[in-house]
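With the sequences and hints as input, model every part of the structure.
Those sequence lines, one after another, are chains G and S.
Just so you know, this note's numbering puts 172 at position 146 of the first sequence, and the rest follows in order with no gaps.
Just so you know, this note's numbering puts 98 at position 95 of the second sequence, and the rest follows in order with no gaps.
Note that these hints are calculated values from the structure, not bench results.
Treat the hints with care, as some may be off.
Which residues of chain S face chain G? A partial, calculated answer using Cβ under 10 Å [stated by the list, open to error]: (1) V39; (2) R42; (3) A91; (4) K124; (5) G147; (6) F149.
All C-beta atoms, glycine included, are put in the ideal place defined by N, C-alpha and C.
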Amino acid sequence: MSELDYMDALAAEYVLGTLDAEERARARTLLEADETFAAKVELWERRFGDLHLMVEPVEPDSGVWARIKGKMPEVEQGVRTTELPMPPAPLPTTAEPPSLDAIEAVISETATTLTSEATSAAATLQSEAPTPEVMPTTVSEAIPGPEATLAPPSESKPVPISEAPLPLDATRTSAVEAMPTPPVAVAPAVASPQAVGETQAQAVEPALLRVRRQLGRWRAFAILMTLVVVAVAALLAAWRFAPDRVPPMLQPLELMRQAGVPLPAMPAPRRPAPPESRFDE
Amino acid sequence: MSTPGEITWLLAAVAKGDAVAFERLYGATCAKVYGVVLRILRRHDLAADVMEQAYLQIWRDAGEYDATRASPLAWMVAIARRLAIDAARGPQPPAADSEAEITEADGPGSVPRHELTDGLKQLLTCIGRLEPDRQRMLLLAYYGAFGREQLSAKLDMPVDLLRASLRRSLLEIEQCLKS
Chain G
27 MSELDYMDAL AAEYVLGTLD AEERARARTL LEADETFAAK VELWERRFGD
77 LHLMVEPVEP DSGVWARIKG KMPEVEQGVR TTELPMPPAP LPTTAEPPSL
127 DAIEAVISET ATTLTSEATS AAATLQSEAP TPEVMPTTVS EAIPGPEATL
177 APPSESKPVP ISEAPLPLDA TRTSAVEAMP TPPVAVAPAV ASPQAVGETQ
227 AQAVEPALLR VRRQLGRWRA FAILMTLVVV AVAALLAAWR FAPDRVPPML
277 QPLELMRQAG VPLPAMPAPR RPAPPESRFD E
Chain S
4 MSTPGEITWL LAAVAKGDAV AFERLYGATC AKVYGVVLRI LRRHDLAADV
54 MEQAYLQIWR DAGEYDATRA SPLAWMVAIA RRLAIDAARG PQPPAADSEA
104 EITEADGPGS VPRHELTDGL KQLLTCIGRL EPDRQRMLLL AYYGAFGREQ
154 LSAKLDMPVD LLRASLRRSL LEIEQCLKS
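This is the structure we're talking about:
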């Protein structure tokens, strides 16, 4: 116990680097022939391995890479068997090269999507549901606020999904339906929305079509909700700026009466709770 | 500096013959590896030769890397170190005039605290338990990869004594790391 045996010492000193040329040559031969010795060497390399962290990095001459690259084809032909696609990361890590590309793609897609939001909404509606064309314009001009809050959920959710190669399983499963948005949203921005939309619809797979239809429904829903907001806003504006021109049916007092506010004896069918509590005090 | 995870990923791609990943791997690791190699060989021309051999071997052997056993950089450094020490022990071509030997530094550089791995902390703790003379001897041996003759001259110590002292240090470190 008080001494390393010969093989251990040889392995340790091989790794440390203190063997002379002759001993080192012997160690190299053993390394090839003796698995036990190779394992010992590997163990010592692992023990001392992190000492390299304390060495100052030194940038090698750029010619070094050129030399390596120049010798690579020879190696390549001997060793490379197949050209496989990029392997999945063996550890749960963020893989730098693919994520960079994906992020770039996502950024440009997002930009296109955002700028062409109104156009694409109109295009989708045209091809999916016969809704008046006036709506999108009204929406974006009258009330940008509600638009911004309503549209993004259907618009922005798909964006992170398009980086499918990344291991973002949680996000992917949570919003699978919305996945192929980018192609849909991007296409109208490129050329005449309807034409591109139709040719695409014929070309793409059924799954994509189904998703597009779902997307269209969501857009329609978003626009419908926007219209409701527009109507309420218009009513409020009318009350505020031209009260005398509001039809009697839409006067605030009349509405309140309909809602059951002034008549506690007749509870309103729709929303009894708030008016009553307000009146009780 | 790339993370070990990124380097592991690149190594896996290199194992499949991905030359682009190999170039990225080189870019991400060459300065660290070159620092180690240059410290042993102290000549840029020799260090460049070893870099070439080492990376060609990494290109060939990437499939043998086992992430459960070592960090990817430690694995690459180990390959380069073996080659560098072999080159240092072998016959060396005379240095060109312009190729002055780099003045050697004794000890290692400092390491940023966030880069201290658990393994390194444990090893440094164990090395720290050695007597100061033997600490210096061990680190000088590892970083400079000096042969026993050179070390004995540097430390002004008979070779036999040096050998015994080194082996005692290695044994103590082994026992310390096991405990």
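Verification of the hints:
Interface hint status for V39 (chain S): upheld, as the beta-carbon distance to the closest one in chain G is roughly 5 Å, under 10 Å. Because the beta carbon of R42 (chain S) sits about 6 Å from the nearest beta carbon in chain G, less than 10 Å, this interface hint is met. The criterion of a C-beta within 10 Å of any C-beta in chain G is met by A91 (chain S), whose closest approach is roughly 8 Å, and the hint holds. A least Cβ separation of about 9 Å between K124 (chain S) and chain G falls short of the 10 Å threshold, and the interface hint therefore holds.
The beta carbon of G147 (chain S) comes within 8 Å of a beta carbon in chain G, closer than 10 Å, and the hint placing it at the interface holds. Hint status for F149 (chain S): holds, given a least beta-carbon distance of 7 Å to chain G, under 10 Å.
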